[in-house]
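Visitor: So the chains spell out like this:
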Amino acid sequence: MLSFENISHGLHNWLSAIMSETPVVLIELTLVALAAITLFAALGLILVYMERKVAAVIQIRKGPNRVGPMGIFQTAADTLKLVMKENFMPDSVDKFLYKLAPFVVMITAMLILAPMPFAQGFQIWNINIGVFYVTAISSISVIGVLMAGWASNNKYSLLGAMRSGAQIVSYELSAGFAILSIVALTGSLNLNDIILSQQDGWWIFKGHIPVWIAFVIFMIAVTAETNRAPFDMAEAESELTGGFHTEYGGMRFALFFLAEYINIFIVCGIGATLFFGGWMPFHIGHWEGFNHVMDYIPSSIWFFGKTFFLIFVIMWFRWTFPRLRIDQLLNLEWKYLLPISLFNLLLITVIAIKGWHF
Amino acid sequence: MEIREIIFYIIAAFVLGSGIMAVSTRKIFRSAIWLLSTLIGIAALYFWMDLEFIAAVQIVVYVGGIVVLIIFSIFLTHKSGDEMPKIAIKRKLPAAFAVLFAFAFTANLLLHNSFALSATKSFDLSVDRIGTLMLTTGDGGYILPFEAVSMLLLAAMVGCIVIAMKIKKEEQ
Amino acid sequence: MIRFLKNYFTEVFQAVKSLFLGMKLTGYYFTHPKEIITQEYPENRLTLNLSERFRGEVVMTHDEQNEHACTGCSACELACPNGTIKIINKFEINAEGKKKKAIDAFVYHLELCTMCNLCIQACPTDAIKMAQTFEHSVFNRNMLTKQLNLAGSKLREGVE
Numbered sequence: 000m001l002s003f004e005n006i007s008h009g010l011h012n013w014l015s016a017i018m019s020e021t022p023v024v025l026i027e028l029t030l031v032a033l034a035a036i037t038l039f040a041a042l043g044l045i046l047v048y049m050e051r052k053v054a055a056v057i058q059i060r061k062g063p064n065r066v067g068p069m070g071i072f073q074t075a076a077d078t079l080k081l082v083m084k085e086n087f088m089p090d091s092v093d094k095f096l097y098k099l100a101p102f103v104v105m106i107t108a109m110l111i112l113a114p115m116p117f118a119q120g121f122q123i124w125n126i127n128i129g130v131f132y133v134t135a136i137s138s139i140s141v142i143g144v145l146m147a148g149w150a151s152n153n154k155y156s157l158l159g160a161m162r163s164g165a166q167i168v169s170y171e172l173s174a175g176f177a178i179l180s181i182v183a184l185t186g187s188l189n190l191n192d193i194i195l196s197q198q199d200g201w202w203i204f205k206g207h208i209p210v211w212i213a214f215v216i217f218m219i220a221v222t223a224e225t226n227r228a229p230f231d232m233a234e235a236e237s238e239l240t241g242g243f244h245t246e247y248g249g250m251r252f253a254l255f256f257l258a259e260y261i262n263i264f265i266v267c268g269i270g271a272t273l274f275f276g277g278w279m280p281f282h283i284g285h286w287e288g289f290n291h292v293m294d295y296i297p298s299s300i301w302f303f304g305k306t307f308f309l310i311f312v313i314m315w316f317r318w319t320f321p322r323l324r325i326d327q328l329l330n331l332e333w334k335y336l337l338p339i340s341l342f343n344l345l346l347i348t349v350i351a352i353k354g355w356h357f
Numbered sequence: 000m001e002i003r004e005i006i007f008y009i010i011a012a013f014v015l016g017s018g019i020m021a022v023s024t025r026k027i028f029r030s031a032i033w034l035l036s037t038l039i040g041i042a043a044l045y046f047w048m049d050l051e052f053i054a055a056v057q058i059v060v061y062v063g064g065i066v067v068l069i070i071f072s073i074f075l076t077h078k079s080g081d082e083m084p085k086i087a088i089k090r091k092l093p094a095a096f097a098v099l100f101a102f103a104f105t106a107n108l109l110l111h112n113s114f115a116l117s118a119t120k121s122f123d124l125s126v127d128r129i130g131t132l133m134l135t136t137g138d139g140g141y142i143l144p145f146e147a148v149s150m151l152l153l154a155a156m157v158g159c160i161v162i163a164m165k166i167k168k169e170e171q
Numbered sequence: 000m001i002r003f004l005k006n007y008f009t010e011v012f013q014a015v016k017s018l019f020l021g022m023k024l025t026g027y028y029f030t031h032p033k034e035i036i037t038q039e040y041p042e043n044r045l046t047l048n049l050s051e052r053f054r055g056e057v058v059m060t061h062d063e064q065n066e067h068a069c070t071g072c073s074a075c076e077l078a079c080p081n082g083t084i085k086i087i088n089k090f091e092i093n094a095e096g097k098k099k100k101a102i103d104a105f106v107y108h109l110e111l112c113t114m115c116n117l118c119i120q121a122c123p124t125d126a127i128k129m130a131q132t133f134e135h136s137v138f139n140r141n142m143l144t145k146q147l148n149l150a151g152s153k154l155r156e157g158v159e
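Chains as they are written, first to last, in numbering that gives the first Met the number 0: chain R, 0 to 357; chain P, 0 to 171; chain C, 0 to 159.
Check the hints yourself; a few may be wrong.
Derived coverage of chain C by chain R (criterion: at least 3 residues anywhere in the stretch with Cβ under 8 Å from a Cβ of chain R; other residues may be distant) [said to hold, decoys possible]:
| no. | stretch |
| --- | --- |
| 1 | 24-33 |
| 2 | 36-48 |
Over the 10 Å line for every Cβ pair with chain R, so calculated as not near, a few chain P residues [stated by the list, open to error]:
| no. | residue |
| --- | --- |
| 3 | V59 |
| 4 | F102 |
| 5 | L109 |
| 6 | S125 |
| 7 | T135 |
| 8 | G140 |
| 9 | S149 |
Think of the hints as simulated: they come from the structure by calculation, not from any bench. Here a beta-carbon is modelled for each residue, glycine too, at the ideal position from N, C-alpha and C.
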């Protein structure tokens with residue numbers, strides 16, 4: 000059967016058969032890098048199109064409908080425009096940091112992709128501390144935003160960067176607690192182990208109400224961490240004219256824009272893995288027949304389906320809720336999300352120890 | 000030379016180079032960014048040694064915590080965008096001496112001790128084992144410091160929440 | 000303390016409830032594409048569905064006998080904030096030998112009009128109204144200056 004696992008294994012075996020170990024590793028690294036970049040480009044195109052369509056339908060509009068059937072080539076045309084644009088740089092910026100910042104954001108997004116299990120046995124790096132690695136690396140991306148805000152030499156950019164810093168640092172806590180609650184239930188940080196522990200049902204169904212609370216907190220926290228509306232304080236077009244990327248244009252701006260969508264994909268992928276079983280098909284307890292039928296749907300489809308559903312939910316948030324003020328934002332975190340997630344984690348730990356989950 | 004060694008030297012050069020840049024640049028924010036890349040380089044060294052947990056902790060604590068804090072204090076400082084003044088020669092000399100002394104001291108230590116390579120992997124650093132060690136009361140257990148630190152952090156977090164809640168009461 | 004906790008949880012509950020309410024509405028729109036009100040204009044030019052209150056330009060209504068209801072009172076001219084309307088009057092001598100005021104030309108400068116509807120509200124005889132045409136682009140600016148009363152038209156009997 001054709002699956003991602005078989006393809007990658009077949010490729011590895013074929014390469015190993017015709018050359019020695021070092022070139023095989025080098026070629027595979029190149030292939031992985033190419034695949035990651037292709038995935039990024041494709042995701043950028045698809046997610047921007049999806050966002051515009053979702054926004055349009057929610058606001059009773061049609062959305063892009065001119066370039067190609069249903070406007071599907073709209074984002075490709077936009078990208079072409081951004082590539083052709085002059086890479087304008089204001090005069091009094093810190094040139095080195097100004098040029099570096101978009102790449103920091105982008106590279107961080109690429110690094111987080113590494114432990115993501117896209118399908119059964121198809122993963123770039125099966126790292127032992129998967130979830131923790133993701134949490135750790137995602138804290139670097141705030142540096143890119145801070146760097147961009149500072150280097151632009153613009154007070155709006157600086158304000159946007161500071162807001163984004165305060166926001167990401169505080170929301171990392173509740174996102175971390177939500178992740179920890181699933182880690183407490185599975186007893187492993189490895190993303191594959193977490194998926195395998197959901198063989199007889201996803202955690203969202205097995206873990207009673209506390210897991211639901213953890214899931215809601217996770218969704219709110221990651222929406223804030225990816226700087227998306229209603230938490231887009233860092234950009235806030237209406238008050239900061241674009242925040243940390245005010246002074247960016249052309250392809251550099253496009254990199255920030257792309258990184259935002261990649262980050263959404265990644266956090267939704269992590270959310271799908273933790274709460275909805277990643278590539279694990281929909282299984283119910285020990286109903287062998289039902290589970291077997293579900294297994295016929297390829298694992299990659301399960302993963303991408305769940306991830307895109309969560310992405311849709313985040314887009315749904317964006318086009319429903321108005322933007323929070325910065326003090327409301329910090330109140331929400333420190334007065335509501337953090338205490339609730341602390342107690343929730345305690346509750347889940349009790350459930351995990353007593354084995355009360357299904 | 001093996002590829003493994005080449006990678007080690009690349010990482011080491013990166014760490015040293017950005018360390019030198021961190022102390023020699025005259026823009027305070029760039030200095031913080033160079034410090035950041037030094038710390039990331041050290042995390043890369045841990046990854047190179049297969050100590051993934053330590054590497055991730057290094058990134059969480061230093062990159063996500065301390066450097067962000069430093070950058071924030073730079074942002075809030077008045078006129079932090081200006082170039083710092085050139086350092087006078089009489090302040091450079093003692094610094095150079097200190098560096099030379101430290102270098103000589105380390106080199107001395109390195110040359111007078113032989114580092115035997117053990118064939119077996121000397122440490123098993125799976126997360127399970129770290130967790131078990133953290134909560135062991137017996138030999139090699141770290142229960143006391145672990146609990147002390149966790150109480151401290153919990154107290155800090157509860158303190159934050161209490162402060163956040165208190166302001167709201169006054170508003171009403 | 001108990002009251003505080005009660006307030007706290009009602010607050011959280013209310014917040015979550017109101018958020019779900021909002022998401023329910025947008026979710027309804029998302030699942031009902033029939034609600035979309037966008038008009039794909041050049042394609043559906045013949046079947047265009049404009050809302051009733053859409054205002055395109057000022058026109059004067061004429062009936063079959065080529066008669067209109069404008070007495071030339073120039074209330075619209077006074078009401079217009081931009082000087083869009085200019086009424087040129089003439090004096091006709093009617094059957095009884097009396098001089099009577101009537102309009103010679105109702106001049107309307109479309110290029111100055113903001114479709115504010117004040118002239119229509121000011122008109123005592125409902126002689127003018129807003130039309131829904133909107134394809135106004137021309138190559139010469141002079142073509143935007145229009146005379147609204149048709150050639151040879153006259154005041155309808157009985158309108159004072």
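Visitor: Does each hint fit the structure? Answer for all of them.
Guide: Comparing the hints with the structure gives:
1. 24-33: holds (count 6)
2. 36-48: holds (count 3)
3. V59: Label violated. Min Cβ-Cβ 5 Å, cutoff 10 Å.
4. F102: 29 Å, holds
5. L109: Its Cβ never comes within 10 Å of chain R, the nearest being 31 Å, so this holds.
6. S125: At roughly 6 Å from the nearest Cβ of chain R, S125 of chain P sits no farther out than 10 Å, so the non-interface label is violated.
7. T135: Label holds. Min Cβ-Cβ 17 Å, cutoff 10 Å.
8. G140: 20 Å, holds
9. S149: 13 Å, holds
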